[in-house]
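Visitor: These are the residues of each chain, in order.
Protein chains: 2
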Amino acid sequence: MFQKRSASRPTARTGDGLNSVLQKLRDGREGRPGSVHEVLRQVEELELTIKRQPTLRKSLLSMSLKEAYLEVVDLPGREVAAAIEQVMIAVTRNILGGDGFGYSLPCRGSSDQVYLDQLDRIVLKDKHALVTFSSTSSVRKVAVLTRVMQLIHGVLCRGIHVTKRDMFYTDVKLFKNQKDSDAVLDDISCLLGCTRNSLHVVASEKGVVVGKLIYNEDGDEIDCTKMGIGGKAIPSNIDKVGNFRSEAKFILLVEKDAAFMRLAEDRFYNRFPCIIITAKGQPDVATRLFLSKLKRDLCVPVLALVDADPYGLKIISVYMQGSKNMAFDSANLTTPDIKWLGVRPSDLDKFQIPEQCRLEMSAKDIETGQHMLSEEFIQQNPEWVKEVQVMLESKTKAEIQALSSYGFQYLTEIYLPIKLQEGDWI
Amino acid sequence: MFQKRSASRPTARTGDGLNSVLQKLRDGREGRPGSVHEVLRQVEELELTIKRQPTLRKSLLSMSLKEAYLEVVDLPGREVAAAIEQVMIAVTRNILGGDGFGYSLPCRGSSDQVYLDQLDRIVLKDKHALVTFSSTSSVRKVAVLTRVMQLIHGVLCRGIHVTKRDMFYTDVKLFKNQKDSDAVLDDISCLLGCTRNSLHVVASEKGVVVGKLIYNEDGDEIDCTKMGIGGKAIPSNIDKVGNFRSEAKFILLVEKDAAFMRLAEDRFYNRFPCIIITAKGQPDVATRLFLSKLKRDLCVPVLALVDADPYGLKIISVYMQGSKNMAFDSANLTTPDIKWLGVRPSDLDKFQIPEQCRLEMSAKDIETGQHMLSEEFIQQNPEWVKEVQVMLESKTKAEIQALSSYGFQYLTEIYLPIKLQEGDWI
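Respectively, the protein sequence lines represent chains A and B. Each residue of the first sequence is one higher than the last, beginning at 465 in this note's numbering. Each residue of the second sequence is one higher than the last, beginning at 465 in this note's numbering.
Hints were generated in silico from the structure; no laboratory data involved. Model, not experiment: these values are computed from the prediction. Heads up, the beta-carbon is just placed ideally off N, CA and C, and yes, glycines get one too. A portion of the hints provided could be inaccurate.
Stated by the list, open to error - A few chain A positions that, by computed beta-carbon distances, are all more than 10 Å from chain B:
| id | residue |
| --- | --- |
| 1 | Val551 |
| 2 | Gly562 |
| 3 | Ala647 |
| 4 | Val672 |
| 5 | Ser781 |
| 6 | Ala827 |
| 7 | Ser868 |
Said to hold, decoys possible - Chain A residues, not near chain B, derived (Cβ > 10 Å throughout):
| id | residue |
| --- | --- |
| 8 | Gln550 |
| 9 | Leu580 |
| 10 | Lys670 |
What the hints assert, rightly or not - Pairs of lysine-lysine residues, derived as DSS-like cross-links and limited to a Cα-Cα distance of at most 25 Å, are as follows:
| id | chain 1 | residue 1 | chain 2 | residue 2 |
| --- | --- | --- | --- | --- |
| 11 | B | Lys757 | B | Lys803 |
| 12 | A | Lys637 | B | Lys814 |
| 13 | B | Lys690 | B | Lys643 |
| 14 | A | Lys744 | B | Lys744 |
| 15 | A | Lys640 | A | Lys605 |
| 16 | A | Lys828 | B | Lys643 |
| 17 | A | Lys628 | B | Lys744 |
| 18 | A | Lys690 | B | Lys744 |
| 19 | B | Lys713 | B | Lys515 |
| 20 | A | Lys515 | A | Lys828 |
| 21 | B | Lys637 | B | Lys744 |
| 22 | A | Lys690 | B | Lys803 |
| 23 | B | Lys814 | A | Lys640 |
Please construct the entire structure, taking both the sequences and the accompanying hints into account.
Guide: Written out as structure tokens, the structure reads:
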């Protein structure tokens, strides 16, 4: 009934001890996971492995791939402003030299995107195309590009942040449609070699954080242990966030608001030192940037708690791998090596979730699941493949809240401590 | 071009002085609103009016309407638990007396809802109907009611909070559909005479707060002046929130995340002491409860900054009046006397918002607008009626971000200070 361990997992297991704990639970007796030390032993081992890894993040530069592929980096505002000035000087020289007005832009189509094994990320091929002011097909794009760069230069010089919608409204006559001003932002990102976030054009925020973390946000010291039960809203201006200090052993990435609330109200992080983050569903850019920065700076494991359905796994993949249309920015947006803690399809039998709390998969669910099996990202991890197969064979899924069938606090008092103690992540 | 004032407004106006400020702005010269003191004078007068009002909130009890109408109140957990025990003792007595098993539930249909002028809220008529275990049509409802009351009793005794989804999963076999367990929550609320929130069954949160406010949340002291730019997430467990301390002159209620971000980044609240709140669109229960409690405790004006479209006004109405299916809980959920600061339809001409930043209203927008004109809530305020008429005649609407056409910080540096200085709210 317990999930089979692959031989490659090096850490010690306490699965047999747990069998009896679970049995007691099923018998209705008060079964409890071990002491805090026992629960955290496996996590601490994982943490050590991560901390021992070279802290330098793999980049195209460090892999000597800089010539063939393209990726953007976080740059301070004044450097981005300087880069815009450089582009404009070059353009002016071209015009004065009789070569006309235009930009050489990196290509971002799907055929230009490539998954690099060495980096475990999607990046862009280093291929450029010329857009000129003299061609009727691109005259508008060149005008929009130039205007948006001018606006961004202004934003950077004032040191503020704006949204895409704000940007659109500054020149509706030229942009006509917000899609037009949005589209060139990614072009400008690639052209300047900086992240979208470095342009100070930000998305709206919906993530929340709570737990063993103290950091600075725009000059304010934020203590996430003292954020009540609602937590701290994760800001969209990630470049004003830094100086992370934490005694957390791991980061718990939660798909849903309801589970986050349970963990925050029970002050789970006080018993098991951790940082709890949720984007309340599909991850937004701000939460992904925050998690990525947190993982890089703290070097602690990231464990994911998602629904046992194809979308739960999809959410992990967005955090880990990014979405395809932001390929060039994947290094900053992605968090490698997230462990799938639960709720996994095999957990349903392992924790004997009652039949009536499991949901039947729809035809679309099954299709999404099957599509996932063919993805390189999933195939890399045989244990993930096995879980997706379990899901597809049983044709059932379950939400995190299905654990409430054993009591509202089963999640924080039994399920998570047992999963941690067992090191039951893949 | 300036909006006409109704003769009934008692406060002094500085409209003429502003004419020249606006003129300078249009001429491209550096026009700026007056000093902080000048900008805040009108707000302070409004604050005094509010503080002078009797602090006792109108209730059915205070209006001697307790006999004819029904409303629920916030109760501490132990009192709700005691009320459940009382209900169960009464039920047991009935069974032992040979009268069978059943509950006398308040009716909550639309014909049972009535808008009370004296309270400026929707309440329920005091009408009851018997649901019995002996009738095939209600046997299931009685079983579900009993089980949910048992679960809530457990939650209250543990002092925790759960979501509706958690509740559903504790007994899927009985509830079958989440709608069935959700529906009885409002019945139980009315039966026990307590708010939904007192049952410790909470909704998910999406609101954020920042500004001149210090308060306690589950034992933690939250200082909203030190919440960076992301702000503090408003918790769904409002009963763990309290001890508000503030030097704010007003509460600025913002429809959208983007405007909130601008205000937070520019630290608007440091220049003009205020508390800034947003629910990021349609207001959720947690944000409405938070605002209502804040207004009651601090007695400061609430000024709304919403889009100049029918939905902007709709959002104000939800905060002020509540939604019809929660009629019985309207006293706790609603915030009376919110002032519509902007962006109002008449602002589009007043601030000369460029034509291309105004949007054409769709057929559905116009229909919604026309429907609003017939609502009692709007009709009570002739100035609101006038604004809706302006919108419908021009057939145009605009978003808050349309103000960005004058520059990204026009909102915080010009528009809001001018609106405040003029006392231009209705």
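Visitor: For each hint, tell me whether it holds in the structure or not.
Guide: How the hints compare with the structure:
1. For A/Val551, the shortest C-beta to C-beta distance to chain B comes to about 22 Å, beyond the 10 Å cut-off, and the non-interface label holds.
2. At roughly 35 Å, the least C-beta separation between A/Gly562 and chain B is larger than 10 Å, which holds for a residue marked as non-interface.
3. In this structure A/Ala647 is separated from chain B by more than 10 Å, as the shortest Cβ-Cβ distance comes to about 18 Å.
4. Residue placement check: A/Val672 does not keep its beta carbon more than 10 Å from all beta carbons of chain B (closest about 5 Å).
5. Distance check on A/Ser781: its Cβ is at least 24 Å (rounded) from any Cβ of chain B, clearing the 10 Å threshold; non-interface status holds.
6. The Cβ of A/Ala827 sits about 21 Å from the closest Cβ of chain B, beyond the 10 Å cut-off, so the non-interface label holds.
7. Against the 10 Å criterion, A/Ser868 falls within the reach of chain B, whose nearest CB is about 4 Å from its own CB.
8. Distance check on A/Gln550: its Cβ is at least 24 Å (rounded) from any Cβ of chain B, clearing the 10 Å threshold; non-interface status holds.
9. With a cut of 10 Å on Cβ distances, A/Leu580 stays outside the contact zone with chain B, its closest approach being about 33 Å.
10. The beta carbon of A/Lys670 is not kept farther than 10 Å from every beta carbon of chain B, the shortest such distance being approximately 7 Å.
11. Taking the CA atoms of B/Lys757 and B/Lys803, the gap is near 17 Å; set against the 25 Å cutoff, the hint holds.
12. Taking the CA atoms of A/Lys637 and B/Lys814, the gap is near 20 Å; set against the 25 Å cutoff, the hint holds.
13. With a C-alpha separation of about 41 Å, the suggested pairing of B/Lys690 with B/Lys643 is violated against the 25 Å cut-off.
14. This hinted pair checks out: A/Lys744 and B/Lys744 have alpha carbons roughly 14 Å apart, not beyond 25 Å.
15. For the suggested pair A/Lys640 and A/Lys605, the alpha carbons sit about 12 Å apart, so the restraint of at most 25 Å is met.
16. Annotation: proposed proximity of A/Lys828 to B/Lys643 holds, straight-line Cα distance about 23 Å (limit 25 Å).
17. For a cut-off of 25 Å, the pair hint linking A/Lys628 to B/Lys744 stands: about 16 Å separates their Cα positions.
18. Of the pairs offered as hints, the one joining A/Lys690 and B/Lys744 holds, with about 24 Å between alpha carbons and a cut-off of 25 Å not exceeded.
19. About 11 Å separates the Cα atoms of B/Lys713 and B/Lys515, which keeps this hinted pair within 25 Å; it holds.
20. About 40 Å separates the Cα atoms of A/Lys515 and A/Lys828, which puts this hinted pair outside 25 Å; it is violated.
21. With a C-alpha separation of about 36 Å, the suggested pairing of B/Lys637 with B/Lys744 is violated against the 25 Å cut-off.
22. Distance hint between A/Lys690 and B/Lys803 is unfulfilled; the C-alpha atoms sit about 33 Å from each other, more than 25 Å.
23. A C-alpha spacing of about 24 Å is found between B/Lys814 and A/Lys640, which places the hinted pair at or below 25 Å, so the restraint holds.
In this structure, the hints that do not hold are numbers 4, 7, 10, 13, 20, 21 and 22, in rising order.
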